[in-house]
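*Asks:* The chain contents come next:
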Amino acid sequence: MSRQLVIEGSLQRARFKLEIDLRIDLSDALGILGATGAGKTTLLRVIAGLERNFFGRVEFCGDLWHDGNQFDRVPTHQRGLGVVFQDSRLLPGRTVESNLAFAMRRAPTRDTKLACETLTEALDLNHLLTQPAEMLSGGERQRAALARALLARPRLLLLDEPLSANDADHRQQLIARLAEWLPAEDISLVYVSHAANELAQLTQQLIVLERGAVMARGETEGLLDAPSALRNREVKPVTAVVTAIDLACGTTTLQLADEHHGVVSELALGERVVLQREVADASDLGASLQPEPEKNQD
Amino acid sequence: MSGDLQAVWLTALLAATTTLLLVPIASPLAWWLARSASPFRSFVEAVVAMPLVLPPTVLGFYLLIMLNPESVVGGLWVELTGDSLTFSFSGLVIASIIYSLPFMVQPLQAAFRAVPESVLEAAATLGASPRDRWLNVVLPMAKRGYLTGCVLTFAHTVGEFGVVLMMGGNIPGETRVLSIAIYEHVETLNYDAAHMLALGLLCFSFLSLWLVYRYAGHRFEVVRG
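Residue numbers (numbering that gives the first Met the number 0), protein chains in the order written: chain Y, 0 to 297; chain G, 0 to 224.
If we strip away everything but chain Y, and leave its shape as in the complex, we get (with noise of 0.2 Å):
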């Protein structure tokens, strides 16, 4: 069965312009990777019909969920989601247990290994079940949003970084069982991350926005490997030196100036490099990479 997504249209904001034509396959899970302000969550709120906005078109599986300005052709109750919101955005005034309930009495039956006590016990949710809300820490609190949202039994499950309050251990366990879970469940997944490790590790496909559109797309792996086909704008060379690689979160760090930015790269440990960005964009995840050229002896 086809799990095509369709986005097209647009959305206008004061200080911010979404505008995506974008026809994917959802049978591999999507990335999307961007700075902050790219878009990457507006993205995420169209997709859920959250966006009043937006003015264009939504499919899903050949179903119209978005049609013009009419946002909730279908609306957002009825579209088989599951989300991960950034901010977890449990149920306030309710137990863990509680907001667990809250999803599975609302979900449609379908055939599913997940038992809410699997996926307890999997997200190390058990010991906190009767604590409410407000008590959870931030990693806490995102685990049960995870847990809550596969809980709703959704077709498409939309994640807005929902790991990036959790320790490397936990993040690396909820990776893998997610890698596990989701083809597992046939749930089709959108992955909003920084965290290049993460995408590598549940995506197949990605996509780059940058000041709302998309910038670049094609596979998770070799976009991750080459920057540079991120590339396709005005840049101005800058000389940095590369300070940290953190091989867990597949980041390196680059002193330039006084500051200091992760990015993505494959570079050694005090390797000079040639940033082909504007300095203002520095900090964005991706930002070009080459070593700088040896200079010239006169």
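The hints are simulated quantities; they were obtained by calculation from the structure and are not laboratory data. Here a beta-carbon is modelled for each residue, glycine too, at the ideal position from N, C-alpha and C. One or more hints might be untrue.
[Said to hold, decoys possible] Pair ranges (Cβ atoms, derived):
(1) Y:GLU7 - G:PRO27: 33 to 43 Å
(2) Y:ASP66 - G:VAL22: 46 to 56 Å
(3) Y:THR35 - G:LEU206: 21 to 31 Å
(4) G:VAL43 - Y:ALA175: 52 to 62 Å
(5) Y:THR35 - G:LEU201: 58 to 68 Å
(6) Y:PRO74 - G:PRO38: 18 to 28 Å
(7) G:PRO38 - Y:GLU18: 25 to 35 Å
(8) Y:GLU96 - G:GLY81: 23 to 33 Å
(9) Y:SER136 - G:LEU12: 49 to 59 Å
(10) G:VAL92 - Y:THR117: 27 to 37 Å
(11) Y:LYS112 - G:PHE42: 31 to 41 Å
(12) Y:GLU96 - G:LEU210: 30 to 40 Å
(13) Y:ASP185 - G:VAL92: 34 to 44 Å
[What the hints assert, rightly or not] Below, a sample of chain Y positions facing chain G; criterion: calculated Cβ distance under 8 Å:
(14) ARG72
(15) THR75
(16) LEU80
(17) ARG147
Starting from the known structure of chain Y, fit chain G onto it as the hints suggest.
*Replies:* Chain G only, in chain Y's frame:
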């Protein structure tokens, strides 16, 4: 039943009826005021808040004009029920609903404003329809607003005087509520009876407010602008 006991009963009946009817009337209005970006919102807010600043006799006078049997509304009511809205319990209920409207709407509006849109969006993504979200997300989060609104409306209706006098007069068993009974006792120099009823009202008013501050606490605020 003695005249004063009858007045107590009638007052309680009027306050309870007004409160019960105001809950479904004020809820959608408060929700709209809390969430709408309409340019008419401030106009509607001002209309709803009018009874807070308008002298009760002014409100009572206009209600008398609007609801008397010669008026369109009053005439229609007579045709439908055979009864007049002026100088009747039904008329008092309508007057009380209008007079107490801000006391129900404003706490609800504040409570609804405190429900983040983000939480409602999350509930929608979990499969909750708009009605489901209202019943199972908004209402539990707004329960203190409802408690405040109900207590204030009930207590305010119990203490009504000016509007009741203008709209209902002083008909025992029909419109003679507590405040009117106290007024009548003072007029006839029966201060002992007036003391009894006044002290009862004083205690009741204090208990009502204590209940609001005890259980709704800092969550109660009068909405402005």
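*Asks:* Now tell me, hint by hint, if it's right for this structure.
*Replies:* Each hint, compared with the structure:
1. In this structure the supplied range 33 to 43 Å holds for Y:GLU7 paired with G:PRO27, their Cβ-Cβ distance being about 36 Å.
2. A hinted range of 46 to 56 Å is violated for the C-beta pair Y:ASP66 and G:VAL22, which are about 38 Å apart.
3. Taking 21 to 31 Å as the suggested C-beta distance range, the pair Y:THR35 and G:LEU206 does not conform, at roughly 54 Å.
4. Restraint check, G:VAL43 to Y:ALA175: a C-beta distance of roughly 55 Å satisfies the suggested window 52 to 62 Å.
5. Take Y:THR35 and G:LEU201: their Cβ atoms lie about 60 Å apart, and the range 58 to 68 Å holds.
6. Between Y:PRO74 and G:PRO38 the C-beta distance comes to about 26 Å, which sits within the given range of 18 to 28 Å.
7. Checked against the hint of 25 to 35 Å, the C-beta distance between G:PRO38 and Y:GLU18 comes to roughly 30 Å, which is consistent with it.
8. Between Y:GLU96 and G:GLY81 the CB atoms are about 57 Å apart, so this pair departs from the stated range of 23 to 33 Å.
9. In this structure the supplied range 49 to 59 Å holds for Y:SER136 paired with G:LEU12, their Cβ-Cβ distance being about 52 Å.
10. Between G:VAL92 and Y:THR117 the Cβ separation comes to about 56 Å, which falls outside the hinted range of 27 to 37 Å.
11. For Y:LYS112 and G:PHE42, the hinted distance range of 31 to 41 Å is not satisfied, since their beta carbons lie about 57 Å from each other.
12. The given range of 30 to 40 Å is respected by Y:GLU96 and G:LEU210, whose C-beta atoms sit roughly 31 Å from each other.
13. For the pair Y:ASP185 and G:VAL92, the beta carbons lie near 58 Å from each other, so the given range of 34 to 44 Å is not met.
14. A least Cβ separation of about 15 Å between Y:ARG72 and chain G goes past the 8 Å threshold, and the interface hint is therefore violated.
15. With a cut of 8 Å, the hint placing Y:THR75 at the interface with chain G holds, because the nearest CB-to-CB distance is about 4 Å.
16. Taking 8 Å as the C-beta cut-off, the interface hint given for Y:LEU80 holds, the closest approach to chain G being about 5 Å.
17. The criterion of a C-beta within 8 Å of any C-beta in chain G is met by Y:ARG147, whose closest approach is roughly 7 Å, and the hint holds.
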